[in-house]
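Colleague: Below, each chain spelled out in residue letters.
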Amino acid sequence: MSEYVIEIDSLTKIYKAGKTEFKALNNVSIKIRKGDFVAIMGPSGSGKSTLMNIIGCLDRPTAGRIVLDGENISTLSDNELAVIRGKKIGFIFQKFNLIATMNALKNVSLPMVFVGASRGDRDRRAGDLLEKVGLTNWATHKPTELSGGQQQRVAIARALCNNPSIIFADEPTGNLDTKTGEQIMELLVALNKEGKTVLLVTHAISLKRFANRVINMLDGEVTEET
Amino acid sequence: MIRDIFVMSLDAMRSYKVRTFLTLIGVIIGVGSVIMVTTAGNSVSSFVRTQWNVFDPVGMVIGTGTSGVTPQLSIRSVSFTAADVEKIQGLPNIKTVAPLGIVTLKKVSLRNGFLKWESRPGNLMYASTAAILKIFNSELESGTMFEDGKNEIVISKSFSEVFGKDKTLKVGDTIYVQRIDTKTLEAKIVGILKQNTASYMVGSIATPDIICPTTPYYSTYFGSNVGTIFKRVTAYSVLLAEADDITHVQAVQDEVLNYLENGSSDAGQYKDKNTDFVIITQQYIVNRIDQVMSVIRLYITAIALISLIIGGIGIANIMFATVTERTREIGTMMAIGAKRRDILQLFLYQSTIIGLLGGILGIILGIVGSAFVVNLLNSSIQTLGGAISAGGNIGLSYSVEWFVIAAVVGLVIGVFAGVLPARKAAKMDPVVALRYE
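From first to last, the protein sequence lines stand for chains A and B. The opening position of the first sequence corresponds to residue 1 in our numbering, with each subsequent residue numbered one higher. The opening position of the second sequence corresponds to residue 1 in our numbering, with each subsequent residue numbered one higher.
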């Protein structure tokens, strides 16, 4: 097995709107090691979201090759991509994206439903994860009854549910105040220390310091790597 | 996993209680109204059948009129003679034949004179033979049957009170009947009929006020179209007959027609050349009623089914709204590992549950509502009074097959109504769905 958890080779993504074409990614090649904490930065329209969608198996590249955990995902079917998303990737969104009709515990265990885990296993795992993010007492509360920071912690617990190797965080502090944002970032750092590869997509320069590697993007190309 | 997604669907529906409830109502009313309408139709239909159960099943009416798919009987023309009655009685498989002549009365009086308060305007009087009782399924409550040739009559139970309760007619009393030609005849009451169980809707046909022997009361020369008869022959407009067995009804019908049409019968000679011989059996009447009822039922059931379909459109509508509203959640679920099939199931289950639950609750509404509707029909029959009130109540007769049809249609509609919205959800691009505000 390779030392890289993500290998991107000459990735190009072209969006077509009628006759006009828009090159969101232009020949991008990146390799990310296991256990890296990578911040992908850049202004709106730089292609960082597109890159994340493709690495996150939500979208397919127009050209190029992408290997995730040793598996070439460029040519997989919708169902196969869904399985990889469920097992290998944990998503954290800017707007938390919890299911409004479910309580915290059910939200956390939801990814396990789609891999067919039993109810008992799910509840146990979700309980453990809620404890890990310090929300044991909030298990039966619905998202609307939680603060923004609490919601994001539920989302992090959900991202960890199937024990993925990669955590994707798309502007995880964007909807939080500075102090709560710091706490969330510290939680991500802690996960990184446990061995999770963390990919952080942001345009907040202040978050740069949490990453051990920064990839800057502009107009669909990688402009700078540290 | 299917069970988990099913539970998720239930949870989602529980979270949108009002919406789910309102959607359910559409289906409940749809299924309920189909059941109510079919049950009401069924109940009225079987009620009407008992009302028209005038003859015993082997009975038939022989007359003239227009034959064809829907034969019409005319009682205006007279063509059957006593000789015909005898000949038909002699045919195989025939049990009884009775002639039926209508004696048109001007009035009936308690006394032969001018005392108006003891007179009543004309009532329905049938001239026939004793066999008519059997064919009409009637029985004597008291007294005996009249003898032919004597001034004797049998009256109905209701007619016994025609001069008021204080002057109830009894066996042995004598009244006077004045025919339309003003000839007044003495009539001794020898028997009183039992109240007929058939309703008054047809009771006026099946239970005349007075039944009398043809002599001395009946004459073809009164009030009717005599046609080409020049001799003084007693002729009747219809004959009533009975086959000896239910299996022989058709055979008897054929034999009688054959006899009447082969030229040797008096009726064949006397009847208007433009008319045909017509034989109407009990089975024919029942079939006709069933035909009419089933057409009516078809229409009202179709209307009820439309309401069920509208309920289904309600489901589809609300499912589309729900899918659109939950777009970002759908994207989220896809991001955390939901396959398109999972999303499809999630929404399809919701519409199916609504269809199924609506069907079950609709059946309950249908059962309760049908009882209510039949009650309502009965009470409106009571208030209508007169003509149809004496026939008893409409019994509740559930149309069980429609329970199943309505519930299955409700379920199928639920599934179909969910297919398009669920497909819309499942086909979403996760990237687009996640961005949805």
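Be careful, since some hints might not be right.
Subject to a maximum C-alpha distance of 20 Å in a straight line, what follows is the list of computed EDC-like cross-link-like pairs (lysine to aspartate or glutamate) [stated by the list, open to error]:
#  : chain 1 : residue 1 : chain 2 : residue 2
1  : B       : Lys427    : A       : Asp59
2  : B       : Lys339    : A       : Glu145
3  : A       : Lys95     : B       : Glu325
4  : A       : Lys87     : B       : Glu325
5  : B       : Lys427    : A       : Glu80
6  : B       : Lys106    : B       : Asp4
7  : A       : Lys95     : B       : Asp166
8  : B       : Lys424    : A       : Glu7
9  : A       : Lys142    : B       : Glu118
10 : B       : Lys427    : A       : Asp128
11 : B       : Lys107    : B       : Asp11
12 : B       : Lys339    : A       : Glu221
13 : A       : Lys142    : B       : Glu186
None of these hints come from the bench; they were simulated from the model. The structure presented is a predicted model; accordingly, all values stated were derived computationally and were not measured.
Colleague: Indicate, hint by hint, whether the structure satisfies it.
Modeller: Taking the hints in turn, this is what the structure says about them:
no.: 1; hint: B:Lys427 x A:Asp59; result: 14 Å, holds
no.: 2; hint: B:Lys339 x A:Glu145; result: 29 Å, violated
no.: 3; hint: A:Lys95 x B:Glu325; result: 16 Å, holds
no.: 4; hint: A:Lys87 x B:Glu325; result: 27 Å, violated
no.: 5; hint: B:Lys427 x A:Glu80; result: 15 Å, holds
no.: 6; hint: B:Lys106 x B:Asp4; result: 84 Å, violated
no.: 7; hint: A:Lys95 x B:Asp166; result: 94 Å, violated
no.: 8; hint: B:Lys424 x A:Glu7; result: 34 Å, violated
no.: 9; hint: A:Lys142 x B:Glu118; result: 89 Å, violated
no.: 10; hint: B:Lys427 x A:Asp128; result: 34 Å, violated
no.: 11; hint: B:Lys107 x B:Asp11; result: 79 Å, violated
no.: 12; hint: B:Lys339 x A:Glu221; result: 31 Å, violated
no.: 13; hint: A:Lys142 x B:Glu186; result: 96 Å, violated
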